Every structure is written in structure tokens, then in C-alpha cells.
Amino acid sequence: AGLLQYDGDLHVPSHYLVEPPTIDHTMGEYLAAEGMSCFAISETQKFGHVTFFWNGNRS
Numbered sequence: 279a280g281l282l283q284y285d286g287d288l289h290v291p292s293h294y295l296v297e298p299p300t301i302d303h304t305m306g307e308y309l310a311a312e313g314m315s316c317f318a319i320s321e322t323q324k325f326g327h328v329t330f331f332w333n334g335n336r337s
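Going by our numbering, the sequence shown opens with residue 279, and the numbers climb by one from there.
Note that these hints are calculated values from the structure, not bench results. Bear in mind that the values here come from a model prediction, so they are computed numbers and not experimental data. By construction, the Cβ of each residue, glycine as well, lies at the ideal position given by its N, Cα and C atoms. Take the hints with a grain of salt, since some may be wrong.
[Claimed, not checked] The following label-pair restraints were derived from C-beta to C-beta distances: (1) Asp302 - Leu281: 20 to 26 Å; (2) Val290 - Ala310: 19 to 25 Å; (3) Met314 - Ala279: 38 to 44 Å; (4) Ile319 - Leu281: 30 to 36 Å; (5) Thr322 - Leu281: 18 to 24 Å; (6) Thr304 - Tyr284: 18 to 24 Å; (7) Thr329 - Pro299: 27 to 33 Å; (8) Phe331 - Glu297: 15 to 21 Å.
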């Protein structure tokens with residue numbers, strides 16, 4: 279059991295107290311709608327983390 283679900287794909291933990299937040303409008307979507315370009319850079323090992331969080335916790 280845990281406070282939050284940390285991994286929705288693997289369902290870890292299987293029992294938790296608070297539903298994961300739904301992020302409807304990400305910063306990238308907002309900036310793109312305003313006509314601004316986005317640039318994110320990371321080490322190769324952190325690419326998945328950067329893109330996952332930048333895209334509102336979506337792969």
C-alpha cells in the first residue's frame with residue numbers, strides 16, 4: 279500500500295490512497311498554442327524522465 283500510485287503501467291503499488299493527478303494542459307501544449315518553440319535537453323539516461331514529465335506524465 280502507498281500514498282500514490284507510482285507506476286500506472288505496472289500498477290505499483292496495487293493499493294494506494296490518492297488517485298494520480300490528471301494533467302490536461304501541459305506546459306509544452308500551452309507554449310505551442312502561443313506559437314513558442316520548446317527545447318528540452320538531458321543526458322541520454324534521463325531522456326525518458328524529461329519527456330515523460332514534460333508531456334504531463336504520459337509516455
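Evaluated hints:
| no. | hint | in the structure |
| --- | --- | --- |
| 1 | Asp302 - Leu281: 20 to 26 Å | holds (23 Å) |
| 2 | Val290 - Ala310: 19 to 25 Å | violated (32 Å) |
| 3 | Met314 - Ala279: 38 to 44 Å | holds (42 Å) |
| 4 | Ile319 - Leu281: 30 to 36 Å | holds (32 Å) |
| 5 | Thr322 - Leu281: 18 to 24 Å | violated (31 Å) |
| 6 | Thr304 - Tyr284: 18 to 24 Å | holds (20 Å) |
| 7 | Thr329 - Pro299: 27 to 33 Å | violated (18 Å) |
| 8 | Phe331 - Glu297: 15 to 21 Å | holds (18 Å) |
Comparing the model with each earlier hint shows violations of hints 2, 5, 7; every other hint is respected.
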